[in-house]
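**Q** Listed here are the chains, written in short residue letters.
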Amino acid sequence: MVETMSEPTEATVRAEARGWLEANWNPELGLVEWRTRLVDSGWGMPSWPKAWHGRDLPTAFDAIVADELRRAGAVSVARSGVRGLAAATLLEHGGDFHKAKFLRRILTGEDNWCQLFSEPGSGSDLAGALTRAELKEGRWVFNGQKVWTTSAHHADWGLLLARTDSNLPKHQGLSYFVLDMRQSGVEVRQLRQMNGHASFNQVFFTDAEAPAEHLVGEVGGGWAVATTTLMHERRGADGMRLWGSASNLKGHIYDEERAEIATVNEPYKWYPQRAGRVDLVLDRAKATGRISDPVVRQEIARLLTLSKTAEWTATRARVAQAQGRPPGPEGSLGKLAASHVARAAARVHTLISGADAMLSGEDGPMDGLIAEILVSVPAVSIAGGTDEIQRNIIAERVLRMPKEPRSDDDRPFRDVPKNRLG
Amino acid sequence: MLRRFLQEKSPPSVVRRLMETEAGWERESWLELNQQLGLTGVHIPEAFGGQGFGFVELGIVLEEMGRALLCAPYFATTVLAATAIMNGASETQQTALLPPIALGEVVATLAFTEPNGRWDSSGIETTATSGGGRFRLDGVKSFVLDGHTADLIVVAARAPGSSGEEGLSLFTVNGDAAGLTRRALKVLDPTRKQARLEFNGVAADLLGELGGGAGPLARTLTQAAVCLASEMVGGAERLRLSALDYANLRMQFGRPIASFQSMKHKQADMLLDVELAKSAAYAAASAAAEGDPELPAIASLAKACASEAYLQTAIHTIQIHGGIGFTWDNDTHLWFKRAKSSEVFLGDPAWHRDRMLQAWGA
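Going line by line, the protein sequences match chains A and B. Taken in order, the first sequence gives residues 7 to 428; the numbers are from this note's numbering. Taken in order, the second sequence gives residues 307 to 668; the numbers are from this note's numbering.
One or more hints might be untrue.
[What the hints assert, rightly or not] Facing chain A, according to a computed beta carbon distance under 7 Å, are these residues of chain B, among others:
#1 Leu-409
#2 Gly-629
#3 Gly-631
[Claimed, not checked] Computed footprint of chain B on chain A, listed as stretches where at least three residues anywhere in the stretch have a Cβ under 8 Å from a Cβ of chain B:
#4 283-295
#5 309-317
#6 386-397
#7 402-413
[Stated by the list, open to error] Take a look, some chain A residues computed to stay more than 10 Å from chain B by CB distance:
#8 Glu-28
#9 Trp-58
#10 Glu-140
#11 Asp-213
#12 Pro-300
#13 Ile-306
#14 Thr-321
#15 Gln-327
#16 His-346
#17 Ala-363
#18 Asp-369
#19 Asp-416
Derived from the structure by calculation, the hints contain no laboratory data. Glycine is no exception: its CB is placed at the ideal position from the N, C-alpha and C atoms.
Chain A on its own, in the form it takes in the complex (with noise of 0.2 Å):
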């Protein structure tokens, strides 16, 4: 490899990815076959730094190299589903070994992650964290339950979240740990949602355990590890989108990635339906001839200013972002916006459906498709961070107002009241 010395910049990165792409990208080879060279050649994370597969460069050229990538059809480093996260957290937080490890495997897409953070009894609150870690002769021993885990039945590894020490103030007893998901000690059972699909998990940790060196960061300092993996989580759109496949180009190594992606989307598939699909509503309502109805018209005029002003308001967040401005409000208030989007998606499909609402599968309308919205609905404004907890960090942190007064951060855990668990 040739070292510049001079400063990067678009046209030599260009040219450099360019050029190595064409003497090494070959749809031949196989996926992590393809992927370890890419990784090695620093390519797959350009602003990584070079120890770790990176090439050092700002973050700026990241685009112009996915540029260069699609422009040769090559396939990308994996980045699907919570990997990315794990990556990013590893990357801040990790050790040497840590780095060592995992980035390589993560990145060729050998391995598989989920996150471990909510629990049955920490929804909001994930700071209040029951699951415990003890250490015993020199290994991490772990009992409790997590919940509402994506993919964990294909995981091999897991981001965890579990607590140390009852006897210091909430979050200052809580570490951080990746664990080894395929292990007689972890339970993976799917929890099934009230519209049928089972896209999460239950995880049981029946003395589950980890080496003393898989703890991330400091004894006591998960969370501040964990607040790393939630904001990469709420930059990547809230992990609730669906992963978009690299390319629908013939050849084996396509077959591979688009198989490993729609593994990662499995879960989601019923999400558009929980968005409400605004998509359906015009056409629908003209069809069966309600759109007639003046209480139908205003209903469907709501939800369409809704929508189209949720979209301009995203927009306007994008071009403030990128125009190097800070960001304003208009950046936090896409999640509270889209619930209500969703809500008023699934009144005005009731309404225009009429009877036929009452009805699912094939005697429902669109084959089922309009009782699913119906009954997903009420899912977007609680998964990701209910409205509530959105309304908060909207009001705390984008309108500055005091924080409520709290009991629960200045006494040990153990002392503050916490949910009975059946």
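Got chain A sorted already, so can you dock chain B onto it with the hints?
**A** Below, chain B alone, put in the same frame as chain A:
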């Protein structure tokens, strides 16, 4: 800069003084406003003495005026009358009529609504009969912004016996014309005056083409709805911030009421309402500036959305202020009344929502 200027020129004390007068504005400060900042001519082409900007810049000006609740015949003159002249008049007429408006020397308005309160050409019954090169207008106009003080009035009237969009024309009439009776209406929002105008054989000059008034009038009202949306967004934001300030200051039960979740959630909802309406107003201003064919739909969307956001913000603001919120001495009611009046002016939200669907072919 404009915000600071308006803060200085239009503090609540000035708003309160002017709203008690019958005119509702003063010529001296009006001239100052225009001579220092050229505001009356913002979107008037340079060829006609204006600044040559477009609807995006006009929207910014209106947002600030809405924030300051400026008492001035700006919406009547620049938004309604000047825009109607730009849309409907011949080049010669624009050369004659626009420069004095751009300079702030002539205060003008647009008289189109009648006592039936309809906001499109279907409600126009005032007739124009030709005679000797000029026309005679007969009929009654109502809800005319600053109609009792305007120097120049653009009037929408129709050929006797015509209906709908047929036979509509625009005319100009001098404010002191013979046969014109002007009466200031008692209005809910005293910061924006309205008048009833009775035309009894009033001599009028044709603006643009005879029978060609429907298109320019409709375009003007669409553009005015966009402008009103911007003005409402400015007012709503001002209210939202005043409620936030108050919640942070007001102590109850030993802590600022802003620390209670009920207040935080209301404030978050207010922010969402105002920001969504702002996005709508900005999208509409861009569509107006670019002559987007979707403008009628987006304009109606923005008008409906901003109307509801403004009024809802005003209601929340009164509520957050508690008892003092519905007193005369507290300033909130000044904006509340503008919100209520603006909700109805140029068509209420339900009417605009239906027009939006019609414009989208539904």
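**Q** To test your reading of the hints: which numbers does this structure violate?
**A** Hint check: 1, 2, 3, 12, 13, 14, 16 fail, others pass.
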